[in-house]
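Protein chains: 2
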Amino acid sequence: MPQLRIALAQVDTTVGDLDGNADLVSAWTKRALAEGAHLVAFGELTLTGYPPEDLVLRRSYVAASRAALHRLARRLEDEGAGEIAVVVGYLDASPTPAPAVGRPAGEPQNTAAVLWRGEVVARYAKHHLPNYGVFDEFRYFVPGNDFPVLRLHGVDVALTICEDLWQAGGPVAVARAAGVGLLLCINGSPYEQGKSHHRDELCARRAVEAGAPIAYVNLVGGQDELIFDGDSLVADAAGQVIARAEVFTETLMVVDLDLPSGAEAGPDGLVTGPVDALDGTSMTVTRRELTTEPLPAFPARPPALAARPDPAAELYEALVTGTRDYVRKNGFRSVVLGLSGGIDSALVATIAVDALGAEAVHTVAMPSVHSSAGSVQDAADLAHRQGTRHEVIAIQPTVDAFHGALEGTGGLHGLAAENLQARVRGTLLMALSNEHGHLVLTTGNKSELATGFSTLYGDSAGGYAPIKDVSKTNVWALSRWRNAEAERRGATPPIPEIIITKPPSAELAPGQLDSDRLPDYGILDPVLDDYVSQDMGRAELVAAGHDPAVVDRVIRLVDLAEYKRRQNPPGPKVTSKAFGRDRRLPITSRWREKPTQ
Amino acid sequence: MPQLRIALAQVDTTVGDLDGNADLVSAWTKRALAEGAHLVAFGELTLTGYPPEDLVLRRSYVAASRAALHRLARRLEDEGAGEIAVVVGYLDASPTPAPAVGRPAGEPQNTAAVLWRGEVVARYAKHHLPNYGVFDEFRYFVPGNDFPVLRLHGVDVALTICEDLWQAGGPVAVARAAGVGLLLCINGSPYEQGKSHHRDELCARRAVEAGAPIAYVNLVGGQDELIFDGDSLVADAAGQVIARAEVFTETLMVVDLDLPSGAEAGPDGLVTGPVDALDGTSMTVTRRELTTEPLPAFPARPPALAARPDPAAELYEALVTGTRDYVRKNGFRSVVLGLSGGIDSALVATIAVDALGAEAVHTVAMPSVHSSAGSVQDAADLAHRQGTRHEVIAIQPTVDAFHGALEGTGGLHGLAAENLQARVRGTLLMALSNEHGHLVLTTGNKSELATGFSTLYGDSAGGYAPIKDVSKTNVWALSRWRNAEAERRGATPPIPEIIITKPPSAELAPGQLDSDRLPDYGILDPVLDDYVSQDMGRAELVAAGHDPAVVDRVIRLVDLAEYKRRQNPPGPKVTSKAFGRDRRLPITSRWREKPTQ
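Line order of the protein sequences matches chains A and B. No gaps in the numbering here: position 140 of the first sequence is 312 in my numbering, and each next residue is one more. No gaps in the numbering here: position 64 of the second sequence is 236 in my numbering, and each next residue is one more.
Some hints could be false.
Stated by the list, open to error - Partial chain A-side listing against chain B, Cβ under 7 angstroms, derived:
(1) M173
(2) V187
(3) G274
(4) Q339
(5) K501
(6) R561
(7) I565
(8) P569
(9) L584
(10) L587
(11) A603
(12) F625
(13) Y629
(14) D707
(15) T760
Said to hold, decoys possible - With a cut-off of at most 30 angstroms between alpha-carbon atoms, the simulated BS3-like pairs for lysine-lysine come out as follows:
(16) B/K736 with A/K749
(17) A/K736 with B/K749
(18) A/K736 with B/K736
(19) B/K749 with B/K736
(20) B/K749 with A/K749
(21) A/K749 with A/K367
(22) A/K736 with A/K749
(23) A/K674 with A/K736
(24) B/K674 with B/K736
(25) B/K749 with B/K367
Said to hold, decoys possible - Derived Cβ-Cβ restraints for the label pairs, each shown as a range:
(26) B/S687 with A/R231: 43 to 51 angstroms
(27) B/E249 with A/R725: 33 to 41 angstroms
(28) A/T453 with B/R725: 42 to 50 angstroms
None of these hints come from the bench; they were simulated from the model. Virtual Cβ for every residue (Gly too), placed ideally from N, Cα, C.
Use the sequences and the hints to build the structure in full.
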């Protein structure tokens, strides 16, 4: 059987950085070449970054992507990398435009190109377009129906893109009909807790359906709310995952494969032209020979199966990756956050230090008359353990000035007075940000965001929200895990134990505790998960065993907080439904899940 | 020819308010009955409100909509309205579900029902789904392929929904094939400056294609960022618009029509079953007779063609409608806003007074050391002319307290010091909002939002932004128009002339003018319109005659302000591209329209 050495380049692109992304492709192609690979594949829309959203609808962006691709092909040849086949995702436009109302302007296509000897020798446009969850690809792309097959060193290689595997029929079915020897799938598949196992199962199943191994390469790194975890893999034609890359890191996975010889012409010749894609469409198979002779036999290296991190490590790594990339890709070099002495800001500070290094993390304690001495001290202890640049700024004189200004209007009471304190803190952090160029990290968790237990323009003021998709229950779990991890390595636990064990309080009024206003987090979080992530209605929530009174209370809180959530900074999405582009509800709505409905 | 008196009920629904919306249908159906109508039609998704966004994906919401529809049918019969055919939009699920990856959960359909004698006698599911601009209907709905034709008093009546008219083929083509006598189209078509003329042209063209009159009924009123203008109309089979309703008001348009007799069976019988929809699909025609006999002849009333307001009046009305509905539908009874003495806050105050009445509008002047005496006085003059509840709160002691608190960190300078003043004002307004329950209106215009010429959590802090889609040029034009309108009616102009004529300034530093940091608005606004609304690239902008240096400066400002814009409150969309759900760009992006690209 012919052999091929393929390399899957799991790289971290930036949306819009066509030159920088091309540099990445060049650099990693040279590494693949140095490893002796015959083919190297990069992720979905590598050249433009993913997801580029409405930039796709700008003709100048599509034109720039096409131009960048052709420049890249020539550059690789010039750099001595013309003999390795390079598969790279980029943005193109349909070669057969048919403008109509409702078709995206310019008819962009989410495309994979094969670069070879200075030329673009094949282009494949994504056939199945996802339009659910975080994806809006009917808005952006027209689907492709061409199925190019390339003979490379005697092996017939074909291409697919991401959603092409998730839906039935399409290029996987056509790959089988065309007798393809290797199916490459380039992906921009965002991280979600537990998703990795779904990918395994999917790739294995589709490889069996295609009758060919699937080499699956994913992006890595953060882009706005999405985090790509990598998790690139190879499944053989029998449905066995034989190689896997490490997650959350840029890496090159090199795999040696024994592959069937290119399909011989049968009685009716090689399959070309229109083929039923078994999804209501037909795709057109074309063939091109790059090199027909198999390579001389070479000693194969055994494939590597990277171990998966345990769930807590994986989640923590995702948050660190999202935070690091958001800060870096937006041109910031430092962050600032308020340290209350509570668990949320403690965890965010720890993530920030792990992401950026302690010298880039500025922490500020902003005590009021309601802050306990313990809180100020615990914050200082944490800052000391981690080596952040720490300051203490008392807010009371400023709070008093506001009260003085508002005296003539009747003054502030209750919640209004509580919110004022949070807004003074938010204003102080923004002032430090504007003066010194730090990005403000907010410290709200998903349980707070869900129930509206936060102050608009107060604790939610800032540029990035590292734990906005992490429930309070998971905040504790991650903090414990991070401390245990430090101990395992013989280091000082970064988070003082007292911060983990003390009862949570916003400290905006005397003796206040979270439990005064919210159900216990052990009860609240499971209801939130079912209501928010699983989209259960009231009847389903009650049937799932939740206390009806708690359910009604939680539904009311969550529904009323929609506006407040929209004003929050972006943060890393790590669950099936974060409060971001994957959950889109009206602000103005009288719908409540009522007992009678 | 048989006659029918049809009524188009242009009503203002609320998303999620199934009971309230059903009450609306009942009340307006009784009015139609009192007018002697034989059929009354309501807008798209009248029962659930439009657009319900991800509520559609909750099964409990679909079930509640179906239940509400059947209750409504019985209720109308019980209320003596069983003999008038009622066409109403509601949310249903596909009767032939085929779950698959990528199909919306539960397979919702955007549906029109006909209620008659206590029953649902027909259901039509939207065939063409819009998935561009503000619309995401591939995310929410599965398309319908059934085409019911009802014989009502001898006339064959069929249904379409909104996008069904905008795209070629589909139900319009099938209507012609089936020989329909009247095509009803129920709509949720949002307002846009100048769109009304497109609707005319479209309805006229489709009526000719269908070979039947089209009765077009639209929603009216605000829902989050969208404003529905109504603009219901009837186009006859020759393509003549013969009746039109007033815009921005709930109204019942009653039109008497002479219509062809129901199609006679030809040699092959009446057309039923699958028909080529000329769009790559086929639709299935079904027929049902409600009443076969034409009505006794009655004297027809002449149809009314409401005059369209001039462009400034129409735009102003849109802003008033959006503001009134957002405040009311979110349960607020009063608003508060800062009055700087400048034109933006002056216009917003005037819109608020027109929308809610002066007693519901609280205005606050918050001078600093940089505020001119004129500004404070001009604000007071405006408040006096309009009768708002006006307060003056000096901010300097609070600003000083912040400076004192930050002294140890090196203090604040330049932009950081400017932003601080805006944030103190934002915090004061939010405090008044929290204490007294007013909704905070922000006063930023589109030119500012586009260029990032505002302070995050400062002047952009609040709940609703009435002029966020109105350029500075239009802010002046609307202010002048509103004053002239007052004079025309013999009233005092609401906005002091000096506010309109003085050079714009943020007054955050000594002697500051907008023109220090931005191109003159007369130059800036046309570039913004082409870059933002028309999505032109740099080369196109230059080709359109804009100064290349200005183009580069504007592109840079606009691209950098994406994050800031996202943190702004919603506001009424009045152009083809507002900064809202119709323009979706990444925050993290290195893409710039460069001279070389």
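We went through each hint and held it up to the structure:
1. Because the beta carbon of A/M173 sits about 33 angstroms from the nearest beta carbon in chain B, more than 7 angstroms, this interface hint is broken.
2. The interface hint given for A/V187 holds, since its Cβ lies 5 angstroms from the closest Cβ of chain B, which is under the 7 angstroms cut-off.
3. Look at A/G274: its Cβ gets to within about 6 angstroms of chain B, closer than 7 angstroms, so that hint holds up.
4. Nearest Cβ of chain B to the Cβ of A/Q339: about 5 angstroms, under the 7 angstroms cut. The hint holds.
5. Of the supplied interface hints, the one on A/K501 holds, with its beta-carbon coming within about 5 angstroms of a beta-carbon of chain B, less than 7 angstroms.
6. The beta carbon of A/R561 is not positioned within 7 angstroms of any beta carbon in chain B (closest approach about 10 angstroms), and the interface hint is therefore violated.
7. Interface restraint check for A/I565: the shortest CB-CB distance to chain B comes to about 5 angstroms, inside 7 angstroms, so the restraint holds.
8. Restraint check, A/P569 versus chain B: the minimum CB separation of about 5 angstroms is within 7 angstroms; hint holds.
9. With 7 angstroms as the threshold, the beta carbon of A/L584 comes within range of chain B, its nearest partner Cβ sitting at about 5 angstroms, so the hint holds.
10. Because the smallest distance between the Cβ of A/L587 and any Cβ of chain B comes to about 6 angstroms, under 7 angstroms, the interface hint for this residue holds.
11. The restraint placing A/A603 at the interface with chain B holds, with a minimum CB-CB distance near 6 angstroms, inside the 7 angstroms limit.
12. Given the 7 angstroms rule on beta carbons, the hint for A/F625 is violated: about 15 angstroms separates it from the nearest Cβ of chain B.
13. With its C-beta approaching chain B no nearer than about 4 angstroms, A/Y629 sits inside the 7 angstroms limit, and its interface hint holds.
14. Evaluation of the A/D707 hint against chain B yields a held restraint, the C-beta minimum of about 6 angstroms falling below 7 angstroms.
15. Taking 7 angstroms as the C-beta cut-off, the interface hint given for A/T760 holds, the closest approach to chain B being about 5 angstroms.
16. Proposed proximity of B/K736 and A/K749 is supported: the alpha carbons are some 24 angstroms apart, at most 30 angstroms.
17. The straight-line distance between the Cα atoms of A/K736 and B/K749 is roughly 24 angstroms, inside the 30 angstroms bound, and the hint therefore holds.
18. Between A/K736 and B/K736 the alpha-carbon distance is near 16 angstroms, which keeps this suggested pair within the 30 angstroms criterion.
19. Simply put, B/K749 and B/K736 have alpha-carbon atoms about 17 angstroms apart, close enough for the 30 angstroms limit, and the pair holds.
20. Taking the CA atoms of B/K749 and A/K749, the gap is about 28 angstroms. The hint holds against a cut of 30 angstroms.
21. A hinted pair counts as satisfied when its Cα atoms are at most 30 angstroms apart, and A/K749 with A/K367 qualifies at roughly 13 angstroms.
22. For the proposed pair A/K736 and A/K749, the alpha carbon gap of about 17 angstroms is at most 30 angstroms, so the pair holds.
23. Between A/K674 and A/K736 the alpha-carbon distance is near 27 angstroms, which keeps this suggested pair within the 30 angstroms criterion.
24. A hinted pair counts as satisfied when its Cα atoms are at most 30 angstroms apart, and B/K674 with B/K736 qualifies at roughly 27 angstroms.
25. A hinted pair counts as satisfied when its Cα atoms are at most 30 angstroms apart, and B/K749 with B/K367 qualifies at roughly 13 angstroms.
26. Against the hinted window of 43 to 51 angstroms, the Cβ-Cβ separation of B/S687 and A/R231 comes to about 33 angstroms, which falls outside the hint.
27. For the pair B/E249 and A/R725, the supplied restraint of 33 to 41 angstroms holds, since their beta-carbon distance comes to about 39 angstroms.
28. At roughly 47 angstroms, the beta carbons of A/T453 and B/R725 sit within the given window of 42 to 50 angstroms.
Going through the hint list in order, the structure does not satisfy hints 1, 6, 12, 26.
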